[in-house]
Amino acid sequence: MSGRSGTGTPPVAAGGTGRSGRASSPVWRVALGRVRAYMGRHQSLSIVIGLALFATALPFIVLLPPLNGFGTQKDFIGGFADAGVFVLLAIGLNVVVGFAGLLDLGYAAFFAIGAYTYAYGASPFSGLDIPFWPMLLVGAIVAAMFGVLLGAPTLRLRGDYLAIVTLGFGEIVPVVFLNADTYTNGTNGITGLAQPSAYGLFGVNGFGFTNPWPYFLTVVLIIAVAFIFLYRLQDSRIGRAWVAIREDELAAASMGINTVTTKLLAFSIGASTSGLAGVFYASKLSIVSPDQFGFTVSFTALAMVVLGGMGNIWGVAAGAFIVYEIQAQGLKQLGAFVQSLHIPTFALGPMSVDLGSINFINFQYLLYGLALVLMMLLRPEGLFPSRRRRSELHESPEEAAESNEELVQA
Amino acid sequence: MTADAAAPVLVAKGVTKQFGGLVAVNAVDFDIPQGSIVSLIGPNGAGKTTFFNVVAGLYEPTDGSVEFAGREMIARGRRAWAEPLVWVLPTVIVMLVGVLLEQLTKSGAELAVALVIALGLLITMFLLAIIRPPIYDRLLYRLGIFKSARPNDMVVAGLGRTFQNIRLFKTMTASENVMVGMHSRLHASPLDAALRLPRHRREEKEADIQARRWLAFVGLKGKEQETARNLAYGDQRRLEVARALASQPRLLLLDEPTAGMNPSETAQMTTLFGRIRTELGLTILLIEHDMQVVMGVSDRITVLDHGDKISEGTPEEVRRDPRVIEAYLGKGASA
Ligand SMILES: Nc1ncnc2c1ncn2[C@@H]1O[C@H](COP(=O)(O)OP(=O)(O)OP(=O)(O)O)[C@@H](O)[C@H]1O
Ligand SMILES: [Mg+2]
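So the sequences go chain by chain: A and B.
Under the numbering used here, the first residue of the first sequence carries the number 1, and numbering increases by one thereafter.
Under the numbering used here, the first residue of the second sequence carries the number 1001, and numbering increases by one thereafter.
Same shape as in the complex, but just chain A (with noise of 0.2 angstroms):
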């Protein structure tokens, strides 16, 4: 799945399938060994070809059954738009914690400085309007400023306490939002951001509320871009010191690797993808506002990363756009399922029971739960895990107590 392995070194694969086609015979396969290998030699341009792939067939099929009974296509392709900032936001979180192995918990702290970036920049209320493309970048450097400052004086931190202290800033970001009244509107939040104009290409001029596809279009780009980079880093001696330092941090430092500054990077690098997230939703939803960068998105998006395989950039993506569709149109389609079943209700014990009326929107969090505990009992290392985790999570039992040796030993 994963096109890692030594830079120079005829990487083994690269993009979407995941099988691995090692066999002899079948003329297929010889093919598809001879894709592989081209894709992992021209990376960048399979991550290019795989996302249009997927952005063109995604549309057709929602026009088939049953997925065309759900909605219309633009529903459908506004959803998506959607999706993709959650993309977004999982391959960020995947650098700190599938990289670097650093947990955190207060990702959407980026997410939200990126969005009153925009704010802030196109909106009646800073009186500005700066356009939307330019704000793209500007909102991912400010979000990786942000992400050195809050990450320097965590980083001496480990594991446990690493992940309050996240949780922590996690926590005081939207609540300053909240309270800098004067600055950001309170609880109101900033309303009215411009939304991004394409100039006339193709035909498209304003992205409207009622034209979802500018957006789409636009959140495939940013992804495809962030896709090359992170690749591209993870390939290169910043990516493998990543790596280094989450196997074995000690070793790392030994090996001449700056610690801090490589975790740093590892924190600037998630936030400004997640300051990107941030920029783009904030256009789609034209109105900033606390209660949408709460602990919740942070957790989702950490549950992305987490069901879709960490450390693998495909798999996360894809864990984050099944988690969020299923959480957005499976719940709502399983609600109207039950209900067309017309289950008469019934008596469990003293309880009546009416399945029909069950909002199962108001379970996500359950089942995400329930998700979860099963995905870690059976699979551990993920949907598409990266060969490193699959590695490492079938470690035989010396080899784990090996690894819980003190540094007593070092």
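Be aware that a few hints might be false.
[Stated by the list, open to error] Distance windows between CB atoms, simulated:
1. A:Leu64 - B:Ile1123: 47 to 57 angstroms
2. A:Gly294 - B:Gln1248: 46 to 56 angstroms
3. A:Leu137 - B:Ile1123: 13 to 23 angstroms
4. B:Lys1106 - A:Leu137: 38 to 48 angstroms
5. A:Ile130 - B:Gly1070: 50 to 60 angstroms
6. A:Met145 - B:Pro1090: 13 to 23 angstroms
[What the hints assert, rightly or not] Heads up, incomplete: computed chain A residues facing chain B, CB under 7 angstroms, no partners named:
7. Arg240
8. Ala251
9. Asn258
10. Val260
[Unchecked claim] Chain B regions said to be covered by chain A (calculated; three or more residues, Cβ under 8 angstroms):
11. 1126–1134
12. 1151–1163
13. 1168–1182
14. 1194–1200
What the hints contain is simulated information worked out from the structure, not anything from laboratory work.
Each residue gets a CB set at the ideal place from its N, CA and C atoms; glycine is no exception.
With the hints as your guide, set chain B with the ligands onto chain A.
Relative to chain A, chain B with the ligands alone:
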């Protein structure tokens, strides 16, 4: 390496390391001449690994200092209280200048500008203090503030090491492990990498070639793509040596590199030490339990027991030293 053979590459003076009440290393003086192979021996728990970890920047010593390549690198921090002053000083100065100009011109703009610059400086100093690049340490040193080097600083200064119980990056391939060893000698920034600038591509290509060379040097040719955890035990030990060599050290610290090896593997490893010295011109500090290996390769031997240096000299001298015999075989054996 063509450095003066007489100049020691490492000088430890009175190095002491205490863990709570336990004195693991006690006032050890130690010189390593350039180009030599020096061994550190002693019974279990003598403090050999602890001494290594002090020298490698992993533990701050309780007392004493370590000079490496002519520079004082490791010791207890000095004038640590003054460091925060260095952080705020630039900010204070800029603010004072701002207030002064404001008083002179009465325009008000200077103060605002000074405030912004001061804030920027404060953040910059704060980041410098956290990241601790060499310039920052040197600046502090000029001001009489000393901070002990971290492990990564020691690697940059030219020290490579292996671990007593192997600490490879297990899910990485052999070649990736070696490339992590090169980390401090590679310079591509995140931007170089993200944009795949030619500089980055050239460097990665070169790094890959070098990784192959190092693997071939230690005898792991053809195993470049093996995951470290899947390598045989002896190969893992060799990979650790390759990884340490990849940082282009002047001094290599090897902590029991032949532990758990069979005689033929041990012989190969011993040959490797010789080649590291003759072909690469490195200096080696070796901890070793196998007396045959120690006596065979060492120019000088230092013996630790309960944290104390009890003997030092050529293999012949150390072998005859009654205190050494006593430490190894117990009291009465030397009589
Ligand atoms: N991090 C630590 N915390 C507390 N005590 C320690 C620590 N590291 C080492 N020690 C103690 O210091 C003493 C010296 O240990 P050290 O590992 O340096 O011995 P050694 O000479 O390397 O022995 P061996 O031959 O068994 O490797 C031992 O008593 C050990 O228990
Ligand atoms: Mg030891």
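Okay, the hints, checked on the actual structure:
The beta-carbon spacing between Leu64 of chain A and Ile1123 of chain B, approximately 54 angstroms, falls within the hinted interval of 47 to 57 angstroms. Separated by about 50 angstroms at the C-beta atoms, Gly294 of chain A and Gln1248 of chain B satisfy the suggested range of 46 to 56 angstroms. In this structure the hint that Leu137 of chain A and Ile1123 of chain B lie 13 to 23 angstroms apart at CB holds, the actual value being about 21 angstroms. The beta-carbon spacing between Lys1106 of chain B and Leu137 of chain A, approximately 39 angstroms, falls within the hinted interval of 38 to 48 angstroms.
Between Ile130 of chain A and Gly1070 of chain B the Cβ separation comes to about 54 angstroms, which falls inside the hinted range of 50 to 60 angstroms. Checked against the hint of 13 to 23 angstroms, the C-beta distance between Met145 of chain A and Pro1090 of chain B comes to roughly 20 angstroms, which is consistent with it. Taking 7 angstroms as the C-beta cut-off, the interface hint given for Arg240 of chain A holds, the closest approach to chain B being about 5 angstroms. Look at Ala251 of chain A: its Cβ gets to within about 4 angstroms of chain B, closer than 7 angstroms, so that hint holds up.
The closest approach between the C-beta of Asn258 of chain A and any C-beta of chain B is roughly 5 angstroms, which is under the 7 angstroms cut-off, so the hint is satisfied. For the restraint placing Val260 of chain A at the interface with chain B, the shortest Cβ-Cβ distance is roughly 6 angstroms, inside the 7 angstroms limit, so the hint holds. Only residues whose C-beta sits within less than 8 angstroms of a C-beta in chain A count toward coverage, and the segment 1126–1134 of chain B has 5 of them, enough to reach three; the restraint holds. Using a Cβ-Cβ cut-off of 8 angstroms, 6 residues of the segment 1151–1163 of chain B lie near chain A, which meets the minimum of three, so the contact claim holds.
As drawn, the segment 1168–1182 of chain B meets chain A at 12 residues by the rule of a beta-carbon pair under 8 angstroms; at three or more, the given contact holds. Residues of the segment 1194–1200 of chain B with a Cβ under 8 angstroms from some Cβ of chain A number 4, which satisfies the need for three, so the listed coverage holds.
Hint compliance for this structure: no hint is broken.
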